[in-house]
Amino acid sequence: MASARARARQFLDPAVIARLGTLELKARTIVEGFLSGLHRSPFKGFSVEFAEYRQYIHGDDLATIDWKVYARSDRYYVKKFEEETNLDCHLLIDVSGSMAYGSRDFTKFEYSLVLAASIAFLMNRQRDAVGLMAFDERIVEMLPASARPGHLRALLLTLDRLRIGRATDVSKPLHQLADSLSKRGLVVLISDLLDDPDGVIRGLKHFQYRGTDVIVFHVLDPDELEFPFDRATRFEDLETSEEITAVPGLVREHYLNEIGRLVERYRRELGAAGIDYQLLKTTDPLEIALMSYLSTRERKP
Amino acid sequence: MPSFLSPLFLIGALAAAVPIVLHLLRREPEPRVRFAAVRLLRGAPVEYTDRRRLRELLLLALRVTALILLALAFARPFLASATAVRSAGATVVALDTSYSMSAPGVFARARELAKNAVNQVASGDLVGVVTFADAPAVASALGADRALSLSAIDAAAPGFGATRYRGALSAAVQALGGRRGTVVVVTDLQESGWDAGDRASVPDGVRIQVSDVGAVRSNLAVTGVRAAGDRVIVSVRNSGEVARETRAQLALDGRRAGEVPVSVGPHATSEVEFAGGAAASTATVTIDDRDGIPADDVRYALLDSASRPGVLIVTSSGDPGRDAFYLQQALATGSAGGRFYRAAGATAAQLGTQDTEPIAANAAVVLLSTRGLERRGREALATYVRGGGGLLMAIGPDVDGEVVADVLGPDAPLRIAAVADATPMERSLVPIDVRHPLFQSFGERAPTLALITFRRVARVDGAGCRAIARLTTGEAAILDCETGEGRAIVLASDLDNRWNDFPLRTTFVPFVHETLRYLSGTRLHDGEFQVADVPDSVPPRPGFATITENRGRSVEKRRIVVNVDPRESDLSRMSEQEFQGAVTRLKEIGASEARVEARQQEDRQHLWMYALGLMLAALAVESLVASRTA
Numbered sequence: 094m095a096s097a098r099a100r101a102r103q104f105l106d107p108a109v110i111a112r113l114g115t116l117e118l119k120a121r122t123i124v125e126g127f128l129s130g131l132h133r134s135p136f137k138g139f140s141v142e143f144a145e146y147r148q149y150i151h152g153d154d155l156a157t158i159d160w161k162v163y164a165r166s167d168r169y170y171v172k173k174f175e176e177e178t179n180l181d182c183h184l185l186i187d188v189s190g191s192m193a194y195g196s197r198d199f200t201k202f203e204y205s206l207v208l209a210a211s212i213a214f215l216m217n218r219q220r221d222a223v224g225l226m227a228f229d230e231r232i233v234e235m236l237p238a239s240a241r242p243g244h245l246r247a248l249l250l251t252l253d254r255l256r257i258g259r260a261t262d263v264s265k266p267l268h269q270l271a272d273s274l275s276k277r278g279l280v281v282l283i284s285d286l287l288d289d290p291d292g293v294i295r296g297l298k299h300f301q302y303r304g305t306d307v308i309v310f311h312v313l314d315p316d317e318l319e320f321p322f323d324r325a326t327r328f329e330d331l332e333t334s335e336e337i338t339a340v341p342g343l344v345r346e347h348y349l350n351e352i353g354r355l356v357e358r359y360r361r362e363l364g365a366a367g368i369d370y371q372l373l374k375t376t377d378p379l380e381i382a383l384m385s386y387l388s389t390r391e392r393k394p
Numbered sequence: 003m004p005s006f007l008s009p010l011f012l013i014g015a016l017a018a019a020v021p022i023v024l025h026l027l028r029r030e031p032e033p034r035v036r037f038a039a040v041r042l043l044r045g046a047p048v049e050y051t052d053r054r055r056l057r058e059l060l061l062l063a064l065r066v067t068a069l070i071l072l073a074l075a076f077a078r079p080f081l082a083s084a085t086a087v088r089s090a091g092a093t094v095v096a097l098d099t100s101y102s103m104s105a106p107g108v109f110a111r112a113r114e115l116a117k118n119a120v121n122q123v124a125s126g127d128l129v130g131v132v133t134f135a136d137a138p139a140v141a142s143a144l145g146a147d148r149a150l151s152l153s154a155i156d157a158a159a160p161g162f163g164a165t166r167y168r169g170a171l172s173a174a175v176q177a178l179g180g181r182r183g184t185v186v187v188v189t190d191l192q193e194s195g196w197d198a199g200d201r202a203s204v205p206d207g208v209r210i211q212v213s214d215v216g217a218v219r220s221n222l223a224v225t226g227v228r229a230a231g232d233r234v235i236v237s238v239r240n241s242g243e244v245a246r247e248t249r250a251q252l253a254l255d256g257r258r259a260g261e262v263p264v265s266v267g268p269h270a271t272s273e274v275e276f277a278g279g280a281a282a283s284t285a286t287v288t289i290d291d292r293d294g295i296p297a298d299d300v301r302y303a304l305l306d307s308a309s310r311p312g313v314l315i316v317t318s319s320g321d322p323g324r325d326a327f328y329l330q331q332a333l334a335t336g337s338a339g340g341r342f343y344r345a346a347g348a349t350a351a352q353l354g355t356q357d358t359e360p361i362a363a364n365a366a367v368v369l370l371s372t373r374g375l376e377r378r379g380r381e382a383l384a385t386y387v388r389g390g391g392g393l394l395m396a397i398g399p400d401v402d403g404e405v406v407a408d409v410l411g412p413d414a415p416l417r418i419a420a421v422a423d424a425t426p427m428e429r430s431l432v433p434i435d436v437r438h439p440l441f442q443s444f445g446e447r448a449p450t451l452a453l454i455t456f457r458r459v460a461r462v463d464g465a466g467c468r469a470i471a472r473l474t475t476g477e478a479a480i481l482d483c484e485t486g487e488g489r490a491i492v493l494a495s496d497l498d499n500r501w502n503d504f505p506l507r508t509t510f511v512p513f514v515h516e517t518l519r520y521l522s523g524t525r526l527h528d529g530e531f532q533v534a535d536v537p538d539s540v541p542p543r544p545g546f547a548t549i550t551e552n553r554g555r556s557v558e559k560r561r562i563v564v565n566v567d568p569r570e571s572d573l574s575r576m577s578e579q580e581f582q583g584a585v586t587r588l589k590e591i592g593a594s595e596a597r598v599e600a601r602q603q604e605d606r607q608h609l610w611m612y613a614l615g616l617m618l619a620a621l622a623v624e625s626l627v628a629s630r631t632a
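Each protein sequence line maps, in turn, to chains A and B.
Heads up: the first sequence at position 97 corresponds to 190 in our numbering, and the numbers run straight through without jumps.
Heads up: the second sequence at position 288 corresponds to 290 in our numbering, and the numbers run straight through without jumps.
So here's chain A without its partners, still in its complex pose (with noise of 0.2 Å):
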């Protein structure tokens, strides 16, 4: 217990994080900070032969469209090159609604969009294709994978951009990128899964048959994990406006129960069907994340 709290120490707080002022600033400052306290090189080796055309699609780097294709068809086609990244590393951000809430410095909106932002970072720095996807119940933005000097830096902006969505449904998009992936790599899921686990298990289990390994980082608010009020309280739906009065006294054992049950099946399940799962409350350090990370980019060739 005494060494967690040291480690603790060593991590940044969220609440100094969130006072710093971009986005791009807030990541740099996580991960410089996180691998200075590795002492190992980010860096991993790359080749640029020359793979395959594939047909344009929005958000791929201009430079890449091959002209002479162009005119020879008229249809735009980039060139994709051979382990051009170590990795294909995919950025799944749940902007629904029900993200909106926090009670501390971040709302779980902001801390996913910090961590993803650390994430791409940090795989920036290795080299690995990083793309994005939002979504709440459908994609609202998306970022092929690239490993591009600028790449980082378009990524950084359209995280910037995003806003709080609508509905949840986690498992339509998933599925939609599954489909749509073509090369193994890696999906990191950001969301607080407060929608069907079923669907939730399914989608992801989805990736795992393509061959994708996938890391849920469960983002949850403290309030959401303890419940903490104590008087009569109008709950309000984020996402559907539906209005529940309750006194706590008499809901938190309910509500605790639901939502450590709702978890610890994430865990299960998600466990045993390989997927990395990591449950973090907006006041975790966000190093914790990246750690996780690391670990299952290890596992990676």
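Hints may be right or wrong, so weigh each one.
[Stated by the list, open to error] Chain B residues, not near chain A, derived (Cβ > 12 Å throughout):
(1) Glu32
(2) Ala259
(3) Arg292
(4) Glu477
(5) Asp538
(6) Thr586
[Said to hold, decoys possible] Short derived list, chain B residues pointing at chain A, Cβ under 8 Å:
(7) Pro33
(8) Arg34
(9) Arg41
(10) Leu42
(11) Leu43
(12) Ala600
In case anyone wonders, no lab produced these hints; they're calculated from the structure.
A virtual CB, placed ideally from N, CA and C, is assigned to each residue, including glycine.
Mind docking chain B on chain A? Use the hints.
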């Protein structure tokens, strides 16, 4: 229509605002938290907001209802019936149908004014029509249909009655049914429409509007026909401003008997004589007056003495000419209504015996002496009075107070005692109630009664009697006593110029006539009737008629004559201000009557008990709902 006996308590209903304000102030007592995991609260023992809000509104409604019901109960609600006071606008047109309106062109003008009044009633207001002369009649009840009122006005026609405003206004106010409204009186504003000292009382919320049809400029009227020996004397009055000449025609027993010219000065009365009336029993006199009122151009008279009302004068000797000279002379003079009395004399000892005609055959009995009055005579007098007869007693030197103590019967004893003045003291007469029928005809001349000097009087009192005049020394001067269906007038002095100088005064004759008229009013012994007084079996129009009377064991038929009231022939008019001045506003009385009516209705309905019961029920439900909410 819902009303309240104590409406001020409704202010208490404002207390219902307290729970409403508290509800608004504490509408969101729970903090609102926008939470992500609300779905995990489902299934917990929570209270859904919509259901809670509904319950709060139910509680609020129950509390507000309870407070309002409490205020309602204290305000004593009741459902006002149709007779209760209402505020809807209403107009009643009172149309004068007295015979003075039959002058040429007058009633057509009256109809026009009445229709105008109906047509000017605001839309949605109620309107009704009352016609009036001696007695009012509702021609069209209050309602929204103007056509009915206009039709009633078209159907109205002047009759033979005299104007009486008091009854007309009373009927019009009654027709309003307690509403505030307007009474439009369409009339010729005859001064005789108000009896002397007469006033009408109307509620303060009723406006009286006079619609004047204008004056009749000239009128000749036959005001009296009487027999004097073998002559028939006719009185013709000119109410106009200029002298008139006309011809009077006499018909005896239906046959034309003569015609004489008549010249009458302005505001004067002329008498003309016809010879040859001794053998006839009826006389009809007509005059020619095309510009005036037609109804008073003819007058009927019975010439046979048996048809005239009889007055039995009881004196010491039985000879009125010796013991009651002044009274006999007064009776021989015609009254204002053209009435003559047939006087007969008797001693007190003869009362109740076969020596004289039955007392019941007389319109009134004047008791001036008790000498020889035995128990049988006193019982006969008491029976006569209780049966509807009229008795005038003048307590002079020939009347023993102890003897007449039970003359009205044992149930109405009289207490009469002579005042033992060492030296005669002069006193004057002061009417207490000038509205009493005995004094009404004196009108403005009532103060002249004070000129009578009473040197000696008796102290009079009796059960069922009330003093209508006193002496300046405080003693009762005239008592009005009621017993059974009849009545008696007791004068505390004599009528023969012995203890007072009343017979020498000009007020004596009208006093005697009005007293006998008052006393004989309930009996059918009078041979001459005015249209307003005719028995039920006789149509109210001038002429001759035959009536049937029950006289003890026998039934007798008797001929009577019906004439118009000669006062209606007088064209003297009053101003609208004088008319309004005779109307008394009864603000307090009207309000008091309304309050009494309202209280009676509320007492019958007891709606406050239901309100209180509902309030308790509301509180019970509120407790139930509140306990579930907690």
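Okay, the hints, checked on the actual structure:
no., hint, in the structure
1, Glu32, "5 Å, violated"
2, Ala259, "113 Å, holds"
3, Arg292, "98 Å, holds"
4, Glu477, "92 Å, holds"
5, Asp538, "84 Å, holds"
6, Thr586, "70 Å, holds"
7, Pro33, "6 Å, holds"
8, Arg34, "5 Å, holds"
9, Arg41, "7 Å, holds"
10, Leu42, "4 Å, holds"
11, Leu43, "5 Å, holds"
12, Ala600, "50 Å, violated"
The structure fails to meet hints 1 and 12 from the earlier list, while all remaining hints are met.
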